[in-house]
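Work out the full structure, taking the sequences as your base and the hints as a guide.
In my numbering, the protein residues as written are 6 to 653.
Don't read these hints as lab results, they were simulated from the structure.
Capping the alpha-carbon separation at 25 Å, the derived lysine to aspartate or glutamate pairs in DMTMM-like fashion look like this:
| # | residue 1 | residue 2 |
| --- | --- | --- |
| 1 | LYS592 | GLU77 |
| 2 | LYS627 | ASP590 |
| 3 | LYS157 | ASP544 |
| 4 | LYS547 | ASP176 |
| 5 | LYS157 | ASP206 |
| 6 | LYS157 | GLU77 |
| 7 | LYS592 | ASP544 |
| 8 | LYS547 | ASP206 |
| 9 | LYS627 | GLU77 |
| 10 | LYS547 | ASP96 |
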Amino acid sequence: MPCGSWPSPITPELAASTAGAIDWPLADGDILYWIETRPTEGGRSAVVAQAPDGTRRDLLPAPLNVRSRVHEYGGRPYAVAEGVLYFVLQDDQRIYCLDTRRPDTRHSRAFPVAITPAERGLRFAEPGLDRRHNRLLAIGERHHPDTANGPKREPTNFIAAIALDGSGAVDELVSGDDFYAYPSLSPDGSQLAWISWNHPDMPWDRTHLWLADIGADGACRNVRHIAGGNAVCATGEAVLQPGWTASGELHFVSDRSGWWNLYRLTASGATVAVFPLAAEFATPLWSLGMSTWAACANGQLATAYTRNGLWRLGLVDPTTRTLKGIDTPHTEFAALAAAGNRVWCVAASPAHGSELLELDASSGAWRRLHQLGEPGLDPGFLPAPESFHYATEDGTEAHGFYYRPAHPRCTPLPGELPPLIALCHGGPTGATSTAYSAKVRFWTSRGFAVADFNYRGSTGYGRAYRDALRGRWGLADVADVVAGVRHLAARGRADPARLLIRGSSAGGYTVLAALTFADVFRAGASLYGIGDLEALARDTHKFESRYLDGLVGPWPAARERYRARSPIHHVAQLDCPVIFFQGLDDKVVPPNQTLAMVAALRARDLPVVYVPFPGEGHGFRKPEHVAQVFREELAFYQRVLGLERADA
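Okay, structure coming up:
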């Protein structure tokens, strides 16, 4: 049976059902909490509590959905302190509280109480308790109503102080900059650290770390600049993840060395590298509150770090400046949290999706606490990611992972090379993952090879590689994907006549640009991708509204560059079939992007499939929609390649 038509037990429905995730573990006393995203419940995010004996329960009944929409991408949507759960409700973005110690909460009958006002357009993320002043501190975002005649106003971002006295008062504790993240109180509550940045920077370009004293009245005093900006690096310093040790030392992550490494603030006000290493100890701040390190009671710092696209878990001793690696089979780690000498994190591996791990920082021993349901497949369906590197058009090196077709009972026909699907990750400031993913195994189990690219501009390879896409989006990424598939085809890893490409969001732009400006691929799939860079610069949300200044050039001064790289203005050069998927409620990449491309290609009588999803935003959460994407895309590729359909 030809590659691409093998029968597979990974049905579209099964692939959709394994898309759940664990995130944001937090400990309060002897109870561990986390957020669990469940495709089987319409993609809702539930708060789960686990007792010391291992029993688990949901704290909120369905359909209550805990999710922040600050920056549209959201972030950590809850906190727990002294048995009280504080959470952001998806529907109205208000913060609610629920006393989990009350007996009725054990039967999901308790009614949460709103603690922020019913102000339309007010959103929150990263809540945390300030005990000294009986309030929550959180990132706030206020969206302003449109006026009939006036210009559209950007949302206002600030650090919010939210009273817990029942008044519902929300004060702007810190404001004035365009964006804020990581409000972090010292252990004694006397100091507050935070990150801020301003247009046109993104938080991986240039940020600022601030530190202030908290007065008896709760106000910030003696505000001082600690790190960031251009003080150390002419190209800018991106500082992230400020946090405190139990002894009151402030630590943070900075890329001043060219790599996101850990630093600490000394008593004299100097900043010292904790453990310099040519590796990345952070990820780009797409979601507020992302954490790749946590302080332990014994003085060690538990941390996740990545080299060559693979993540590792370790314990750093700041005193001896040593790093002890923790040996696990996982290749992805995120969302680290600690209490005492216990550390929790979310992990994943090529064989398993989202798992919750517990690490003993004293002994280095770890155990698996929770694992989301896996399909229980024969290992013959699970090819290992093969890292590969290749030269780009300017002689630098680009990176990717190759997955061979894998089936315990099917092999390629004699002399057959497999069709290959090139995956383009989103961002574009981001990276691919080697964790178990249906978007890879669904295809490899049917006889497709998959190449997942970390083209220039991807994270995990240092600041210089991340900055290599600045001003070159639509050029360097496309060139790297094209060079990568040619590299694989030349080595007999793919059929050069059956190359396909797919990507979502920014990856969807790379797809459309590659199909337009390179004659390599037979067909492509764009999931909420971008066809018109000018339109995106004019019509997107605040967080990314100046993102293209760095990726393409300042708007509107670089208008000709925007037009030159926009597929919508060069549809005459695109002459292959394309399938489009689009959420109709998408605020990040509005539906007009996809609709314009579909109309332009249909006007040229090209084979185009358009699949809209009402009620979906930037990314699809409903399992029936995720399954439909797999089903429609498979049928599309099989039609293009002239393959028989062995299954759905």
